[in-house]
Each structure stands twice: as C-alpha cells, then as structure tokens.
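Protein chains in written order, with the numbering used here: chain A, 4 to 308; chain B, 181 to 506.
Note that these hints are calculated values from the structure, not bench results.
A couple of the hints might just be wrong.
Straight-line C-alpha distance at most 27 Å; calculated DSS-like pairs for lysine-lysine [as the list claims (entries may be wrong)]:
no., chain 1, residue 1, chain 2, residue 2
1, B, K215, A, K121
2, A, K121, B, K220
3, A, K213, B, K220
4, B, K355, A, K48
5, A, K213, B, K219
6, A, K119, B, K355
As a plain string of letters, each chain reads:
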Amino acid sequence: MSKVANHSPGRRIYSTRFATIVVWIITVAWTVPTFGLFVSSFRSKTDIYNTGWWHVFTHPSFTFANYREVLFGGGALSLGNGVLPYLVNSIVITIPSVIIPIAVATLAAYSLAWIKFKGSDFLFFFIFALQIVPLQMSLIPLLQLFTGGAHIGHITLIPAFGIAGHFAGIWLPHTMFALPLAIYLLHNFISSLPRDLMEAAHMDGANHFKVFRQIVLPLSIPAIAAFAIFQFLWVWNDLLIALTFASGTEEIAPINAKLASLVGQYGSGWQFLTAGAFVSIAIPLAVFFSLQRFFVRGLLAGSVK
Amino acid sequence: MGTFISDNAPKFGQVFIAVFGFLAIMSAIFFIAGKANGKKSKPIANIVFLGPAVLLLGAGLIVPTFQTIMFSFKNDTSQKWVGLANYKWIFTDPDIHLVLFNTLLWILVVPVVTTGIGLGLAVLMDRMKNESIPKSLIFMPMAISFVGASIIWRFVYNYSTRNQPQVGLLSAIVKLFGGQPQNWLLVKPLNTFLLMIIFVWVQTGFSMVILSAAIKAVPADIVEASALDGAYGWRLFRFITFPSVRSTFIVVLATQVVGALKLFDIVRTMTGGNFGTNVIANEMYAQVFVQFNQGKGSALAIALFMCVLPVLFYNMRNLRLERSHR
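If we strip away everything but chain B, and leave its shape as in the complex, we get (with noise of 0.2 Å):
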C-alpha cells in the first residue's frame, strides 16, 4: 500500500500542475490583454479567445489532415513517393475487400436498427407509466465503453468445449431448445453479427433519448385532434408522428452510420479483427502499429474519411438551413 501511494501520488501532482497551470496562464493573459483599450481591444480579444482553439485544432487536426492525405500517397515509412499503390491495394487485395465489405455491412445494418429500436421504444414509451425506468435501463450501456461491453457481451457469447457446462448465456438457451452450442466468435458469418448487437445494445438508447424527446415534442392538440379522428396506433404514427420526427430521425441515422464507419473497440476487443470480422478502423490500426506501415494506414484513414463526406456536407446543409430560418 505504501509504494502504491509514493508511486501514484505524484500523477495527482501532474494533474494539479496541468490544470491549475493552464488555469493560470489563461488568468495572466486575460489580466494583461484586458488593460487593453481602445481601437486594438476587440482584435486582441479575439486573439486570446479564439487563439487557444485555433491553434490546437490547427495541430490536432487540420494539419494531420493535410500530413495524412500525403502520407497515403507515400511508401511505409514516408520517405518514398508511391503514387497511388497503396489506394490499389485497398481495392484489390482480396483482404481488404473482407474488410470493406464489412464495414459496408456494419453502416448499413447497424444504424437502420439502432434508429429503428429506438424509434420503436420512443414511440411504446411514450406517455408510459414509469417510462423512466425503462428508459435509464435501456440508456445504461451508453455509460459503459466498448471495451466494457464486449467483456459483458463476450461472456453472453461465451463457449465452453464439449464436456464442460455451458455458462455462457447463449449456449445455454441454445442448448435448451435443444441446440448444438458452438464458439460463436469463430462461425463466419455469424460472428459479425454478434459484434453488431454489442454495438445495437449500446447506441440504441442514444437513438430512443433523442426520438423521444422529438416525439414529446409533437404539438398535443395535433395528436389528440388526430386521435379523435380515428388514428391511433399505427395510422398516427404513419401519418402525424413519424413524419413530425423525420428530420430528427435522419440526424440520429447519420450520426450512427459516422459511428458504425469509426467502430473500432468492439472488433479490437472481441476479435482483434481475426475470422473474418475486420473492419476499416481496425485495419488501419493494425496497418500504423502492428505492420508498421504509415502508407497503407493512411491510405485507410483517407478511405474512412471519404465515407464520411456525404454526411458531412448533409450537415452543413442542415446547419445553413436552420441558420437563415432565424
């Protein structure tokens, strides 16, 4: 216990020097930059506002932009110019086409079911009693990692070899309906779809949160006044409650395809990308830090980032929208 505390105590001091260091600093500047006046105020205090933000996002992310997008056109360890070998690689090495026919699969199942869901609970929710408890239940795995999840969903999975008991959870009803349990991670294509429900049961209640609120916020008068005329159930919500949530739907749809295009813990964790179930995130990971090779992960990075383009000007779009409706 004693070396426990000498060795982690001085962390706490990195940290109270980080944050009350920064703090600090940023008291000076404002101290100094608010004596001054007249013409030159509001420049400086654009400066010492907006200074801090722009040069870390210029380093953290703008640059390694620009670095990452000539890095895929260069060889392993950048120092070669390699035209465009590695993009050929991503389109014909039939491994990489595993790994880009998954990651097809994951943006197009994962996020229709995860909106799905959740629109599916907002809507049975809705005007529940005791709405709150499902609610936080369903909500729950959002504050669980990935990694976390997968150790949870690994034991649901989990299989033991013939003569031993089954403790897994899947085996187990599947060997009460009468079943042959197997190692489920290692059945292609199966496998993918078990690591598509970790990611269902944590992301759908983000999904169920926002509908929800979306769906509260329908005009009451609208829904009861439709009620009275007769629709209810289904029929109000095809023709008043789904179409007043659309918008909000599509934003939540997108905002899983860009997460479902990034997912790299579950498949780390569960599989490390092994029997078939790789996707782009962890190859371009096992590309950097396992092959060593700069040029192939960037050129992944890059093949990540494209995908994300169209939801990224749909965004700008909708920004723009709702800016000039003010």
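Pulled out of the complex, with its shape left as it was, chain A reads as follows (with noise of 0.2 Å):
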C-alpha cells in the first residue's frame, strides 16, 4: 500500500491491484446473469432445458425461433399474436407521458422559480414533499373517477372520464405522478439562470410568454433532456400504473404487463420468457447506453443538491 501511495498519490490512492481485480469480479458477477438470459434467448427450446447456458461456450448452437414466436405469435403454445402489439402500445404509452409532463412542469418550474408571488416559495415545497407520496396513495380515487366521474351526494362535478381502458387513462396518471419531479428537477436547473438575461429581455418589452419561449425553454434543453430519459425508463418499465389502469388486453396493455403474466401463465416457458423479456428491455438499454450521459445528469441533479 505505501509502495502505491508514494508513486502518485493523487492518481492511485485507492486504486491497488486489489481493488482493481475487486472491482472487475463484481463486475463479471452483475453481468453474468443478463448474459445468460440473453445467450438462452438464442437457443432451442430442447437445448435450454437440457444443458444450462454455459455449454454454448463448448457446443455453440443458436437459433432464433424464439424471437420470431415470441414477436409474432402463431407456434405452439397460444401466444396470440405475440407480443408484437404490446411492444407498440409501450410505444404508444411512453410519447405523451414523456412529452406532455415536461411540457407542464416546465411552464410550473419557470413560473415557480422567476415569476414570484406570495405563496410561491411555500407551493415549491410542498411540490417538493410531493415526490415521495407512494403512487398507492392515488390508485383507488384515479381509477373511481376515470370510471365513475366525481360526485358530491347526487350532484355531479366531473361526468364519467369514459377515459378508463383508453390510452388517455395511462397517459393522464404516469403524467400526474410524473410532475413533482419533473418540477423540482428543472426548477433546479430554471432558476439558476442567470438574472441579468431575463431582466433584460423584459427591459425590452418581452413578457413572460416570449422570455419563456426564446430564452428559458432554449436554455433549459439539457435538463428537458435529463428528465425525459429519466422518464422514459420510468414509463417504459412501470407496472404498476400498467396493472391498475390499462385492463391488459392487447388493445393498450404495454409489454411489460404482457410479460408479467407470461411469467404467471408459463411459469417456465424459457424460450418465451428470454427473448420477450430481451424484446422487452432492448430499447430502453439502447436509450441507457446512447444517452447515459444526460442519464447521470439527470439523477445527480435530482439527488445531490
């Protein structure tokens, strides 16, 4: 150890030899158990219940049969019509809820951090405080007045939303329990603008609306962008909100509800459940990986303040 910190204490003052093979055992031990899902999702079905994973490395063999079953349907055991659909409606599911609460928490984060009112200061934390209500909280009172409409006795205050089973139903509450953080985390980022531009671009007559829309929004794309990702994944992987609101049919149930009840209905159908759960987290791996900078981003701003 002292041999290592007299060399350069700066750049190797944890990093032994050690540490380095620690660090690269545990690595391995993360990875193995994805790598093996995924090598299995290549093989037949015979080969993945007869030998495990690993023989590939001596009698490599692969296929891709599941993938076309799984996506497509129309084999053997009653897939439907695959899980092709689902996949669209996660696609279908994650554009507006991604899109539409920034789109609001950004107008709330300008207005919270640089049009002050009595109130504002107290309205932020309690935004704040928000963020870790559980979602339960919410579920049973959404779901009544998506299918029944909110009532006070006999008199009406909200007709039935009709909205229950629609994809309006999935949207309207991934954007509802979206907002806290998005509101925090770009009134973070909003309100450390600088003073000087916003006051000058009211010195020359722009109101809230052109300040908002020709400085705050262009400015604040990094952190729009650090918030969608972040969102993405959220939506892509809930299940939660997926159960509650969408009834599970193919019409708007996204895949990872799909999945979950393959599990429940092929407990150990492998050759189904490795390529749909692949099918299911290949997009949001290429979103994690292309863009795992603003990820970062995104979480440190939320979490380190």
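Bring the two chains, given one by one in their own frames, into a single complex with the hints.
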C-alpha cells in the first residue's frame, strides 16, 4: 500500500491492483445473469431445458425461433399475435407520457422560479414533498374518477371521463405522478439561469410568454433531456400503473404487463420468457447506453444538491 | 402483417392527436394570454404557467390522498363507515404481521446493502483505469424494468425436478460444490432474500453513480495532503472520504428506503406474494384488485405513507437548509 501511495498520491489512492481485481469480479458477477438470459434467448427449447446456457462455450448452437414466435405468435403455445402489439402499446403509452409532463413541468418550474407571488415558495416546498408520496395513495380514487367521475352526494362535479381502458387513462396518471420530480429538477435548473438575462429581456419589452419561449426553453434543453430519459425509463419499465389502468388486453396493455402475465402463465416457458424479456429491455438499454451522460446528469441533479 | 398495421396504426394516430393537440392548445393559450398587458399580466402569466400543473397535481395526488384517507375508514365498497376496523385488521391479522415483518426486513436490509456496495464500488473505482466500463455494466440494470430483472433472476434461480439437468445458475453452482439444489423460491425465509438480491442488483448502480460523483467532488488537495501525511487506504476512507460524502450517503440511503418500501414489481412477478414473501405494496394491490376490498387496501396505502413520512420531513429540512445557504 505505502509503495502505491509514494508513487503518485493523487492518481492512485485507492486503486491498488487488489481493488481493480475486486471491481472486475463484481462487474462480472453483475453481468452474468443478464448474459445468461441473453444467450439462452438464442437457444432452442430442447437446448435450454437439457443443458445450462454455459454449454454454448463448448457446443455453440443458435436459433432465432424464440424471437420469431414471441414477436409474431402463431407457434405451438397460444401466444396469440405475439408480443409485438404490446410493444407498440408501450411506445404509444410512453411518447405522450414523456412529452406532456415535461411541457407542464417546465411551465410550472419557470413560474415558480421567476414569476414570484406570495406563496410560490410554499408551493414549491409542497410539490417537492409530493415527490415521495407513494402512488398507491392515488390509485383507487383515480381509478374511480376515470370510471365514474366525481360526485358530492347526487351532484355530479365531474362526469365520468370514459377514459378508463383507453390510452388517455394511462397517459394521465403517468403525467400526474411525474410532475413533482419533473418540477423539482427543472426548477433547480431554471432558477439558476442568469438573472441579468431575464431582466434585459423584460427591459426590451418581452413579457413572460416571450421570455419563456425565446430564452428559458432553449436554455433548458439539457435539463429537459436529462429528465426525458428518466421519465422514459420510468414509464417504459412501470408495472403498477399499467396493471391498474390498462386492462391487460392487446389493445392497450404495455409489454411489461404482458411479460408479467406470461411469467404467471408459463412460469418456466423459458424459450418465450428469455426472448420476451430481451424484446422488452432492448429499447431502454439502447436509450440508456447512448444517452448515459444525460441520464447520470439528471440523477445527480435530483439527489445531490 | 396487414392486420397488424391496420390494428396498430390508429394507436399512433392517438399519440399524434394527444401530443399535438396538447401543444396546440398550449400555444393558443400562450398567444391569447400574451396579448394581455398592464397590471393583470403577471397573475395571468402565473395562471397559465402554473395552472395545468396545479390542476393535475390536485386531481392526481392531493385530492386522492384525502379520499384514500377517507376510504381507509370505510368498508370494502366504501359505503359504510367502519371506524378503525381496517387498521385493527392490519395490526391483528397474523397474515398481515408477516407482510409488515417482510417490509421491515426489506427496509432494514436492502438500503444498507445497496448503498454499502455502491459506496464500496465507488471508492474502489475512484481513479481506476478504464473505470467507465465496469461502471456502465454495474449501472446497466437501472435501465431494466423490475419485471425484466425478475425474469433474468428467475432463470438464475431456476430449479428442475430431480431427474432433469439443472439449467439454473444457482442450482448448478450449488451442485458443483456438492450441495442439493432446491426449489429456491419456495424455501422460507431464503426466498425473501433471493428477491432482495434482485432489488440490490438493480439499484446498486444508482448508489454507486451518485456516491462516485460525490467522491470526485472531494477537493484533490485535501486528499493528497492527507495521503502525504500517511493516510491512505482504510484510514483515508474513514477520516477523509467518508466524512466528506456522508450527507450524500444519507440521501442515497433514504432514497433506497423509500424505494424498498414501495417495492411491488419484483414480489408480484417472482412469487405473487406467496410462499411467505408478501410485502405491503403487493398486499395493497391484492386487497384492492383481487379481494376487491377498498377499505383494507386504503388502510395499507396509509400505512405505507406513514412509513415514508420521516423521510419526507428529513428531505424538507435538507431543502430548507440548502436554500438558506444560498
């Protein structure tokens, strides 16, 4: 240890050879489960059930049959039309569930940061606090609102939305539940924009709408991108909201809900589960690896400040 | 293929309408509200900017919270008041005791393990060569859903009956060392810990990334000066690094506690809450959507809420402190 420290104290304070080995062992341990499932998704049913996936190193043999059957269905097991429609549903659910909360939250964050009124600080604290309210608190009332509307006694305040069982009935909860974190993150960013910039614009006669459109929005793109990735992963990977608000049908249920029910149905239909799992995690993994920098920035802005 | 397109194209039509309809309405409001000037312009701007968020938060979180509180004092269909009966059920039913015990186990074990391993990795990786590769790989499960992660680990824990070859990694390893593979997910209380491993596997990357950033923010001259004074390895960690990142460590720990409390997907996908692995969030779901008992489900939601309240107050205090420093 002392030898390492003497060499160059700044560069190698913890990173001894021992540390490097430990890190790599943990990394391998962390990656093996995913790798095993990935390899298995390309093995035939007989192979999967007769030999462990590690046999591919000695007896390589691969097939795309699992993917074909999982995506398009029509095979021996009744997968119906396959998971492709559910994959479409996931995309359909995700796009508005990312864009709409970001728009709403950016507006709110600007207002809380730059159009101060009595109580705007209190409101910000309140929204911040809402961040960790479990969404279980909202599920039952929200579902009732969507199916039955809101009433006091016999007076109907809000008629039945009629959006239960439609995509709108999933977009809306996702939007609502995303707002506290989105507003908090974007407020952190927007409130740190230079004051001079805003004041100069107002001097030139720009009102808040113009300032927002021409100054705040363009400058906030990095923060918006960071949150967008966050929200994308959250919506795509969600199960609770999907189970509660989407009825599990091919019309609107996302792939995650379908996968969860496949696990229940074919507890060990590994030829489907392996390929199905990879179909569902391919898109978030691609997003994750290509935009990791933004994602990390968003995480850091959210928790260490 | 033809029916696939005709079945699914309208869905994208809905996306288009939702997104562009929303943006068009917002632009129209912007345009009209932007015409206002003089004294009214500031309140109008506030209403336009803040209105949608307040409305959505009110309808989506605030009003429902009060409704859930009310439901928790009502019967299964929310038609009759039943006083504290649902809460009495939580505290007296032996099945729920197990649920509460498991949840407690989750919040005691999982956050410490995830944050601990995360910190350990962050420290060991600090200034390591090629640190970004192991970092990405350990962080990767963050992008995988709990459902996907559950399938990955179900395969690791897979058990084949006696005469079949063991294709699950865990069974194979146990067999390699001369042990007897079992149907792991049925073994109490081991199964709860096997589920915890999944959560740890997903969340450790989060702890690691955030703590790693905090460690990098420790001023280099402090670290180098203490290293010259003879503090390296464990001593450096104990007296310099850890104290510098302690506040971040606690924030991460608190985040993991909240995550472990709300945990639902893993239990739902792996065991459905059976075999003694049930937790509050899953039981709440089961009460509402399987047993159709809104009263009990709401009371469980409130119990969950009570558990996160201390973290909520802690976060609020931090935010206030941080703001007063500015």
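Hint check results:
1. The suggested pairing of B:K215 with A:K121 holds, with an alpha-carbon distance near 24 Å, which does not exceed 27 Å.
2. Proposed proximity of A:K121 and B:K220 is supported: the alpha carbons are some 16 Å apart, at most 27 Å.
3. At roughly 16 Å between alpha-carbon atoms, A:K213 and B:K220 fall within 27 Å of each other, so this suggested pair holds.
4. Restraint check for B:K355 and A:K48: the C-alpha separation of about 23 Å stays at or below 27 Å, so the hint holds.
5. As the CA atoms of A:K213 and B:K219 are separated by approximately 17 Å, the hinted pair is consistent with the 27 Å bound.
6. As the CA atoms of A:K119 and B:K355 are separated by approximately 66 Å, the hinted pair breaks the 27 Å bound.
When held up to the earlier numbered hints, the structure conflicts with hint 6 and nothing else.
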